[in-house]
Amino acid sequence: MKIKYTHQITTMKKLAVLLSIPLLLLSCGNNVEGKSIEELIESENLPEIRARKTELSKEQSDLTEKLDKLDQAIDRLDKTRRLDLVEIQQISDTLFKHYAEVQGDVATDENIVIYSEFSGILQDLRVEEGQQVNKGQVLAKIDDGGLSSELAQLETQATLAKTTFERQKRLWEQNIGSEMQYLEAKTNYESMQNSVNRLKSQLDKTIVRAPFSGIVDEVLTEQGEVVSPGQSQILRLVSLKNMYVEAAVPENYLNTVRKGTDVIVEISSLNREFEGEIRRVGNTINPNNRSFNIQVAVPNENGMIKPNQIATIRLNDYTAENAIIIPENALLKNSQGESVVFTLQEKEGEDNIGTAKRKIVETGYSYKNKIEITSGLETGETLIVEGAKNLRDGQEVKIRN
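Per UniProt numbering, the sequence shown starts with residue 1, numbered consecutively.
Because the hints were derived from the structure by calculation, they are not lab data. It cannot be assumed that every hint is accurate.
[Claimed, not checked] Distance windows between CB atoms, simulated:
1) V113 to N322: 26 to 32 Å
2) G224 to K368: 55 to 61 Å
3) V113 to E246: 18 to 24 Å
4) I176 to G224: 57 to 63 Å
[Unchecked claim] In silico lysine to aspartate or glutamate, DMTMM-like type, Cα no more than 20 Å apart, as pairs:
5) K162 to D144
6) K370 to E328
7) K205 to E150
8) K169 to E179
9) K53 to E65
10) K141 to E129
11) K359 to E346
12) K97 to E346
13) K35 to E48
14) K259 to E101
For each residue, glycine too, the CB sits at the ideal point set by N, CA and C.
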């Protein structure tokens with residue numbers, strides 16, 4: 001807390017003098033009748049006592065007036081007097097952006113658990129945790145239970161059916177043979193081919209492939225275990241490339257938040273910030289919390305951002321060009337609840353000395369210890385940003401460089 005040296009010194013001087021007056025008069029005891037104060041009190045002469053008090057009060061008033069004049073002269077002439085120290089800032093206009101903050105979670109659509117699509121023994125697990133894999137790469141194989149042998153037989157029969165069909169087709173084109181023979185050969189071939197394709201599809205389910213490029217985050221089934229379609233989790237595959245932050249935004253921001261709105265994403269656990277824009281805005285309002293969802297893509301070149309990390313999204317819901325912005329701590333409130341600031345007028349001929357001027361202002365949005373002034377201040381004025389709390393309008397102050 002600052003000490004007001006000038007006022008305290010002046011007040012102490014006055015108190016010392018005022019307290020010394022009665023003592024001096026008491027010690028001297030001089031009056032027109034030669035009576036001391038004690039003698040006057042012992043006489044119990046009320047008119048004389050009142051007259052003496054009036055006389056002393058007038059002397060005290062005269063002395064106080066003289067002391068005030070001397071103090072004023074000292075303040076004017078003493079170049080080393082102690083004044084309240086203040087810090088100042090030149091007021092200029094600038095671009096001001098206000099942000100509303102909402103909490104979100106890091107997510108990715110490429111974070112899945114791969115389930116078995118075939119019933120059998122996990123015969124060959126070809127990857128391990130932490131391994132980078134490419135899209136389409138074989139991750140594991142499940143025992144086909146003899147389907148491959150059955151497929152070989154079907155393919156042989158399908159080849160024979162194809163040969164028979166092609167022969168009947170040539171004969172039919174030469175008007176040899178009956179139409180029924182031709183149709184039977186064609187139907188048999190198509191049926192065999194469909195059986196081959198169906199069995200190939202089943203066999204393909206015994207091979208577990210990577211649906212996208214990523215990292216094997218966790219192996220959930222050991223080699224040799226029996227797996228069942230739709231029930232057995234084989235492994236978790238994660239890609240950290242296409243990451244985004246998803247957050248719920250209160251519905252009162254519907255008019256200011258849209259696709260392409262500028263945002264700042266902060267991930268406090270990594271102490272990092274990203275500038276971006278909203279890539280998706282939800283089309284429904286959640287009736288439970290009256291909010292809608294948004295998504296913001298975030299870069300992740302070094303792979304440090306992980307799914308389910310907590311993130312803060314700052315939505316740019318207000319922008320003002322040529323705005324006057326001041327520190328919030330420079331803004332005061334008076335007894336009427338009005339917003340007050342102090343500006344400085346430097347005194348000519350005195351370095352770093354000025355006069356504080358009180359101004360009532362109107363405010364707008366505030367963000368990160370800064371507040372917008374909508375009226376009451378002009379660019380080019382000098383604002384007192386530190387030391388204004390105990391100032392009076394017109395008080396002289398010293399600038400702290």
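- [ ] Mind checking the alpha carbons of K162 and D144 for me, to see if they're no more than 20 Å apart?
- [x] violated, 27 Å
Task: Straight-line alpha-carbon gap K97 to E346, limit 20 Å - done: violated, 32 Å
TODO: Take a quick look at whether K205 and E150 sit within 20 Å of each other, Cα to Cα.
DONE: holds, 15 Å
Open item on the list: For K370 and E328, compute the direct alpha-carbon distance and say whether it is at most 20 Å.
Closed with: holds, 5 Å
Task: Given hint E179 paired with K169 - CA-CA distance at most 20 Å - done: Roughly 10 Å between the alpha carbons, so the hint for K169 and E179 holds.
Open item on the list: Holds or violated: the 57 to 63 Å window for the beta-carbon distance between I176 and G224?
Closed with: Distance hint for I176, G224 holds at roughly 59 Å.
Open item on the list: Run the distance test for K141 versus E129: straight-line Cα separation, threshold 20 Å.
Closed with: Given that 20 Å is the threshold and the Cα spacing comes to 17 Å, the pair holds.
TODO: Compare the distance between the alpha carbons of K35 and E48 with 20 Å, and conclude whether the hinted pair is satisfied.
DONE: holds, 11 Å
Task: Restraint status (C-alpha distance of K359 to E346 at most 20 Å) - done: Between K359 and E346 the Cα gap is close to 16 Å, so the pair holds against 20 Å.
Open item on the list: For K53 and E65, compute the direct alpha-carbon distance and say whether it is at most 20 Å.
Closed with: holds, 18 Å
- [ ] Could you see if the CB distance from V113 to E246 stays within 18 to 24 Å?
- [x] At 19 Å between Cβs, range holds.
- [ ] Take the C-beta atom of G224 and the C-beta atom of K368, compute their distance, and say whether it sits inside 55 to 61 Å.
- [x] holds, 58 Å
Hints 1, 5 and 12 from the list above are not met by this structure, while the remaining hints are.
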